[in-house]
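Asker: Given next are the chains, with one letter for each unit.
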Amino acid sequence: MVGGVDKPRTIHPLFVRVTHWVNAFAIFVMVLSGWRIYNASPLFGFEFPKDFTLGGWLAGALAWHFAAMWLLALNGLAYLAYGLVSGHFRRSFMPISLRGAFDDVLFAMRGLLDHAPGRYNAAQRVFYVGVILAVIVAILSGLAIWKPVQLQTLTALMGGYETARRVHFFAMATIVAFLVVHIGLAVSVKGILAPMFTGRAETPR
Amino acid sequence: MKPPRSERLSAFRPQIARLERRLFLKQGLSLGALSLLSGCTLKDDDAVDRLLFAMSRFNDRVQAALFDPAKLAPTYSEADVTTPFPFNAYYEEKDIPLIDGENYRLQLSGLIADKRPWSLGDLRALPQSSQITRLVCVEGWSAIGQWRGVAFRHFLERIGADLTARYVGFKCADKYYSSIDMPSALHPQTLLALDFTDAKYGYPLRLRLPTKLGFKNPKFIGEIFVTNDYPGGYWEDKGYNWFSGS
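Protein sequence lines correspond, in order, to chains W and E.
In my numbering, each residue carries its 1-based index in the first sequence increased by 230.
In my numbering, each residue carries its 1-based index in the second sequence increased by 2.
No incorrect hints appear here.
Simulated crosslink set (DSBU-like; lysine-lysine; CA at most 30 Å straight-line):
#: 1; chain 1: E; residue 1: K173; chain 2: E; residue 2: K117
#: 2; chain 1: E; residue 1: K240; chain 2: W; residue 2: K377
#: 3; chain 1: E; residue 1: K177; chain 2: W; residue 2: K377
#: 4; chain 1: E; residue 1: K96; chain 2: E; residue 2: K173
#: 5; chain 1: E; residue 1: K240; chain 2: E; residue 2: K96
#: 6; chain 1: W; residue 1: K377; chain 2: E; residue 2: K202
#: 7; chain 1: W; residue 1: K377; chain 2: W; residue 2: K280
#: 8; chain 1: W; residue 1: K280; chain 2: E; residue 2: K96
#: 9; chain 1: E; residue 1: K240; chain 2: E; residue 2: K173
#: 10; chain 1: E; residue 1: K173; chain 2: W; residue 2: K377
#: 11; chain 1: E; residue 1: K202; chain 2: E; residue 2: K173
#: 12; chain 1: W; residue 1: K280; chain 2: E; residue 2: K240
#: 13; chain 1: E; residue 1: K96; chain 2: E; residue 2: K177
#: 14; chain 1: E; residue 1: K202; chain 2: E; residue 2: K96
#: 15; chain 1: E; residue 1: K73; chain 2: W; residue 2: K377
So these bits of chain W aren't anywhere near chain E, every CB distance computed over 10 Å:
#: 16; residue: V315
#: 17; residue: R329
#: 18; residue: L342
#: 19; residue: R355
#: 20; residue: Y358
Stretch-level coverage of chain W by chain E, calculated; a stretch enters the list once three of its residues show a Cβ under 8 Å from a Cβ in chain E:
#: 21; stretch: 268 to 279
#: 22; stretch: 285 to 291
#: 23; stretch: 294 to 302
#: 24; stretch: 369 to 382
#: 25; stretch: 391 to 403
These are computed hints drawn from the structure, not numbers from a lab.
Yeah, the Cβ is synthetic: ideal placement off N, Cα and C, and Gly gets one too.
Using the sequences and the accompanying hints, generate a full structural model.
Answerer: This is the structure:
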């Protein structure tokens with residue numbers, strides 16, 4: 231990818247920026263309301279701290295969850311359609327290599343990984359594609375537990391109602407694990423957060 | 003000239019903090035339960051509450067459109083039945099109402115041609131069918147139970163209920179109440195159950211429909227009515243989604 235030299239390059243297209251922040255809000259609501267829903271009948275031996283949940287009580291959390299699901303799904307579909315049609319996925323995520331991602335993570339941990347604005351390294355490619363897949367699994371497993379009769383084929387594909395609940399939980403856990411790294415890097419690596427708002431690289435090269 | 007990065011970043015912080023405060027304030031407001039989505043009679047005109055309420059009504063319509071009257075819930079074998087079957091109500095198990103089956107009469111009202119009350123013997127004289135299905139609670143847990151009784155469609159036809167009406171409502175001996183849409187009431191697996199896995203949880207009569215969440219399966223039914231006026235429900239009026247289909 232060759233950018234302009236004099237004027238700042240657009241490294242994040244407007245469509246990607248808008249869907250990114252809409253998605254960020256939707257995920258924020260889905261995860262925090264989902265934690266409150268989880269607490270109503272914990273699958274595992276713990277509950278999420280109430281102060282880190284949304285909705286106040288089960289009905290409120292469900293209302294948030296089933297409102298924000300539309301935002302998450304419609305925004306996600308728009309993003310997928312854009313990514314496929316515009317060539318954004320092909321340009322940004324291909325080629326994809328687990329081996330390359332592993333090497334990049336090792337480089338990054340030694341502080342040797344260069345961050346080139348506008349170009350995803352191998353680790354970013356794998357993580358971004360991975361989290362997109364995790365969101366898709368979260369939505370499908372969510373539909374499976376929301377409609378185990380009407381969408382019973384989907385529920386069966388997810389291993390049945392009780393298994394689908396666990397799939398939904400681990401999809402959430404994958405997304406949250408991604409977010410810990412993603413947000414950690416976004417606020418700590420110099421000059422990468424602002425372009426997600428403005429679209430432009432901070433220091434044109 | 004661009005300000006340094008840290009300054010521009012910090013420009014977002016008050017907004018983020020405000021957003022967070024607002025979101026957590028919502029949580030505070032809805033704590034103790036009842037201000038959020040307070041049923042049909044929204045007392046405060048908070049924009050977020052109104053939006054969530056509108057989305058819940060929208061989800062009612064989506065679920066009604068998604069509902070396939072011919073699609074049957076998966077059934078299980080007797081070996082799959084959950085024992086003990088979990089007790090669940092808005093009160094504790096020790097407070098379940100004790101009803102005298104001998105003198106029990108099911109009352110009927112609303113858009114029903116023949117409103118004569120029914121004794122348990124009358125109900126048992128009707129054709130009985132049974133099902134082993136999964137009950138899914140709004141809390142997330144599920145349990146497999148067995149229910150036996152009268153196909154609700156048959157009963158509604160028998161009493162001359164207006165099958166074009168929108169709602170069937172239930173009033174229960176434990177002061178619980180709920181309502182369902184007519185298409186769900188007419189679903190082949192919707193049962194007016196007389197016998198069930200844990201009979202004391204609902205004796206002598208409960209509704210069983212595997213196409214809706216557990217709280218839409220009222221227990222200890224004392225009266226059934228048919229209406230076109232939205233009847234709401236105990237949990238529905240507190241903010242739970244009304245359709246709550248499975």
